[in-house]
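Student: Below are the chains, spelled out letter by letter.
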Amino acid sequence: MRAGLPVALGYLPAAFAFGAAASAIGLSAPEVGAMSAIVFSGANQAFLLAAIPAGMPVVLMVALTAAASLRHLLYGLVLRDRIGGSRPQRAAFAYGLTDEVFATALAASTGDHGKARPGGRWLIGLALTAWAAWSLGSVAGAAAGDALRRLSESAAAAMGFALPALFIGLMLGALRREVAVPVALAAAIAALAVLSGHAQLAIPGGALACLSARWFR
Amino acid sequence: MSAALWLAFALIGALTYLTRVLPLLSRRRGSGAPPPAWLDALGPCILAAIAVAVLLPEARAALAADSWRPFALGSAAAAAVMLWRRDAGLATLAGVAAYWLAI
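Residue numbers (UniProt numbering), protein chains in the order written: chain A, 1 to 217; chain B, 1 to 103.
Hints listed in this document are in silico derivations from the structure and should not be mistaken for laboratory results.
Among these hints, one or two may not hold up.
Reference excerpt, derived from the structure (chain B facing chain A, CB under 7 Å, subset only) [stated by the list, open to error]:
id, residue
1, A8
2, A41
3, A48
4, V54
5, L63
6, A64
7, L73
8, W84
If you want the ones that stay clear, here's a sample from chain A, every Cβ over 12 Å from chain B, calculated [to be verified]:
id, residue
9, A3
10, L48
11, A107
12, L128
13, A143
14, R150
15, A156
16, A199
Note that the Cβ used here is the ideal one computed from N, Cα and C, for glycine as well.
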C-alpha cells in the first residue's frame, strides 16, 4: 500500500481532470467511475472521450485501443523475471499494470535494496491503491464538473475546455525526439482530415503515421 | 449511454488486461529485444491525431465566435504547466482555470 501512495497521489489530478472532461461530454459520475474501474487505462479512456462524441464505430474503438495497449506486453516482458509472487498473485497484479505502476515496480526491483524481487502482496497492494485512486478520483472529478456547470454559465463553458486541455497535456507529454517526425506527420494527417471535412478519419489516419517510424529514427 | 458502448468498455478492458497479464504468466524467458519502431511511435501518434481532431474544430469555433482569447490563454496555460510539471492532470486543471478567468 505504502509503495502505491506516490502513484495514487500522482493519479489524483489526472483522474480528477479525466472525470471532469468525461462529465463535459455527458457521462454521469457513476458511468465515469464504472468506465475507470473496468478499463483502467488513462490513455485508452482519454481516447474514448474523443471517440465517443465523434461517433466512432465501436469496432474501430476496440481495434485502436487494443493496438495502443500492445505497449503493455513490453512492460510484462521486462517485469516477468524481476518480480515475485504466485501465478494468481501475478494475475491480480496485472490488472493494475499501468505506465506508472510499471515504473514503480521496475524501480523497486532494481533499487538500492539489493536484488530482492517485489513480492506478490506488495505488487497487489501497489496495483490496488493505484486502481482505487484512479476510479475514485475520476468519480470526484465528474461530480465536481457537474456541480461547477450548474454553478454558472462561464464555469460550464470553461469545463468544455477540459478535453482540449487534457490532450494538449497528453500530447506534449508523449513527445520525444525519436518519434518527432511520425508525430508531426500524424498531426498533419489529422489536420488534413478535419479541414477537408473527413474528421472521422483523423484519428485512424493519424495512427497510421506510426508506420513511418522505421525510416525516421 | 448505449449498451454497445458498455460492451465496448468491457471488451477494451478485457483486451487491455490480456496485454498486461499474458507476459507475466508465460514461462518462456524474455527475448530482451527492443520494441519495434512503429509500436514505440503508435501511442504518441494517436495522441497527436486526437489532439488535432479535438483542438482544431475548437479553435475554428473560437475564431468564428470571436472568443479566441480564452481559448489561446487556456491552451497556453495547459502547455506551460505540462512542460513545467509533466503532469497531464495538473495541465488540464490549469487550462480550465485560465479559460474560465479569461471569459
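Student: Next item in the hint list is B:A8. Is there a CB on chain A closer than 7 Å to its CB?
Tutor: Holds, about 5 Å.
Student: Grab the minimum C-beta distance from B:V54 to chain A and call the hint holds if it beats 7 Å, violated otherwise.
Tutor: holds, 5 Å
Student: Once the closest CB in chain B is found, is it more than 12 Å from A:A143?
Tutor: holds, 15 Å
Student: Tell me if B:W84 is really an interface residue toward chain A, meaning its C-beta lies closer than 7 Å to one of theirs.
Tutor: Hint on B:W84: violated, closest Cβ of chain A at ~11 Å, above 7 Å.
Student: Is the interface hint for B:L63 satisfied, with its Cβ closer than 7 Å to some Cβ of chain A?
Tutor: With Cβ-Cβ at 13 Å, over 7 Å, it is violated.
Student: Confirm or reject the statement that A:R150 sits farther than 12 Å, beta carbon to beta carbon, from all of chain B.
Tutor: Fine: 15 Å to the nearest Cβ keeps A:R150 off the interface.
Student: Holds or violated: is the Cβ of A:A3 farther than 12 Å from all Cβ atoms of chain B?
Tutor: Fine: 18 Å to the nearest Cβ keeps A:A3 off the interface.
Student: Does the nearest C-beta of chain A fall within a distance shorter than 7 Å of the C-beta of B:A48?
Tutor: Given a least distance of 4 Å, the restraint on B:A48 holds.
Student: Closer than 7 Å between Cβ atoms is the bar; does B:L73 clear it against chain A? Give me holds or violated.
Tutor: Constraint on B:L73 not satisfied, violated at 10 Å.
Student: Quick one, is the B:A64 hint okay against chain A at 7 Å, beta carbons?
Tutor: This hint is violated: B:A64 lies away from chain A, its Cβ roughly 14 Å from the closest one there, beyond 7 Å.
Student: The output says A:L48 does not contact chain B. Does that hold with a beta carbon cutoff of 12 Å?
Tutor: Non-interface label on A:L48 violated, nearest chain B Cβ at 8 Å vs cutoff 12 Å.
Student: Would the non-interface assignment of A:A199 survive a Cβ cutoff of 12 Å against chain B?
Tutor: violated, 6 Å
The structure shown violates the earlier hints numbered 5, 6, 7, 8, 10, 15, 16.
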